[in-house]
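Colleague: Sequence:
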Amino acid sequence: MLFVLLLAVCALQAPLPSTPQQPAAQALDARLGAEGAALLERMADAYGGRDAWRAQGGAAWDQLETLRVEKQPGSGQWSVHSRVPRRAVFDPLGQGWLLSEYARYDEPSARVVRDLYRQVRHAEAAWAEHAGLPDRAAATAARARDTLQREFLLGALPFALPELGARVRELEPVVLGERRALRIALLLDTPLSLQADETVTELELFVDAASAEPLRLAYTASGSGPAGSAASRQRAWIDFSGRIQAGKVFLPALREHHLEQGARSARVELARTRPGTPDPAGLRRPWVSGRVWDGAERALSWDPPAAESGQAVLESMPAAGR
41 MLFVLLLAVC ALQAPLPSTP QQPAAQALDA RLGAEGAALL ERMADAYGGR DAWRAQGGAA
101 WDQLETLRVE KQPGSGQWSV HSRVPRRAVF DPLGQGWLLS EYARYDEPSA RVVRDLYRQV
161 RHAEAAWAEH AGLPDRAAAT AARARDTLQR EFLLGALPFA LPELGARVRE LEPVVLGERR
221 ALRIALLLDT PLSLQADETV TELELFVDAA SAEPLRLAYT ASGSGPAGSA ASRQRAWIDF
281 SGRIQAGKVF LPALREHHLE QGARSARVEL ARTRPGTPDP AGLRRPWVSG RVWDGAERAL
341 SWDPPAAESG QAVLESMPAA GR
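Residue numbering for the sequence shown follows my numbering, beginning at 41 and increasing consecutively.
Treat the hints as calculated values from the structure; they're not laboratory data. Fair warning: there could be bad hints in the mix.
[Unchecked claim] Distance windows between CB atoms, simulated:
1) GLY172 / GLY217: 21 to 27 Å
2) VAL109 / SER233: 18 to 24 Å
3) ASP146 / ARG223: 48 to 54 Å
4) HIS121 / VAL153: 28 to 34 Å
5) ALA77 / SER341: 33 to 39 Å
6) VAL214 / ALA336: 44 to 50 Å
7) GLY89 / ALA250: 17 to 23 Å
8) ARG220 / ALA77: 45 to 51 Å
9) VAL120 / ALA311: 14 to 20 Å
10) VAL332 / VAL214: 46 to 52 Å
11) SER305 / GLU147: 28 to 34 Å
12) ALA250 / VAL328: 24 to 30 Å
13) ARG220 / ALA336: 44 to 50 Å
As the structure is a computational prediction, the values presented were derived from the model and not from experiment. Ideal placement from N, C-alpha and C gives every residue a C-beta, glycine not left out.
Use the sequences and the hints to build the structure in full.
Modeller: Here is the structure:
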């Protein structure tokens, strides 16, 4: 009797045999992966091709970020909250830097002055630079890494997708507005921070069925409701329109960020592009060299806030601080 009980216990503890994936499912996954990879490649070709992107060493561009807020929730009336010009420089792997030009009111001079803040990513290292000093605290490095990863994806779409380990999970024809499109469900090997304090690994990319032009990037974002509730999750999306040439490739010229229940939205416009890898001096590690980057390259496509004066200017058209 004891022997029978021991046999029963061993049987309960023994691992269950894994169910192998059916050949039909394996074939379907393989076909989906091949079709998805071909579509992503067609999208890259429509923007100049991955070979050209790699050969020219990446790209640099100015971007103007305009944050808009709803005057009264649900009113549909929007106003400009802030505008921040930035200069972005990336190599094909996503290494590079983002120089942001904020503004602050200087009491002694009674003028609006520039407040430059640069975030850098070089290999596994990341840091920030402000007021002539490096900041390599863990939290600062994490923010810099997240920011540059996001700007690389959105600014260098579609060329950034392979560097984030994007894999096609689903593929289906849809209608987006009045355009025939393809919805590509992507799974990222690298978690991506598209908003502060949250990361996503699943994205939906909508591509024009005829031209393979990227139209929209959608994802699920955290909302303001109780954690785990339906209100704590909401849809967010980024619409792309137009394209701008950078060397032998093209980049999305305009993108608009929206939240399903959000009272704010952002518009990012690109200008003054150039091909080429970031200057190695721009990726210098200040704690190794003892020097902070002091290059002259910054966003010149829009009037710098320091060209204006007076508190009224800052209040009427503020460039937000960090």
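Colleague: All hints, please: hold or fail.
Modeller: Against the structure, the hints:
1. Take GLY172 and GLY217: their Cβ atoms lie about 48 Å apart, and the range 21 to 27 Å is violated.
2. For the pair VAL109 and SER233, the beta carbons lie near 22 Å from each other, so the given range of 18 to 24 Å is met.
3. Between ASP146 and ARG223 the C-beta distance comes to about 49 Å, which sits within the given range of 48 to 54 Å.
4. Checked against the given bound of 28 to 34 Å, the beta carbons of HIS121 and VAL153, roughly 20 Å apart, lie outside it.
5. Taken as a hint, the range 33 to 39 Å holds for the pair ALA77 and SER341, whose Cβ atoms sit roughly 36 Å apart.
6. A hinted range of 44 to 50 Å holds for the C-beta pair VAL214 and ALA336, which are about 46 Å apart.
7. Checking the proposed 17 to 23 Å range against GLY89 and ALA250 shows it holds: the Cβ atoms sit about 18 Å from each other.
8. With their beta carbons about 21 Å apart, ARG220 and ALA77 fall outside the hinted range of 45 to 51 Å.
9. Here the CB-CB span from VAL120 to ALA311 is close to 18 Å, well matched to the stated 14 to 20 Å.
10. Checked against the given bound of 46 to 52 Å, the beta carbons of VAL332 and VAL214, roughly 48 Å apart, stay inside it.
11. For the hinted restraint 28 to 34 Å between SER305 and GLU147, the CB-CB distance of approximately 32 Å keeps it satisfied.
12. Distance hint check for ALA250 and VAL328: the Cβ-Cβ separation is about 50 Å, which falls outside the suggested range of 24 to 30 Å.
13. Between ARG220 and ALA336 the CB atoms are about 46 Å apart, so this pair conforms to the stated range of 44 to 50 Å.
Checked against the numbered hints listed earlier, the structure breaks hints 1, 4, 8 and 12; every other hint is satisfied.
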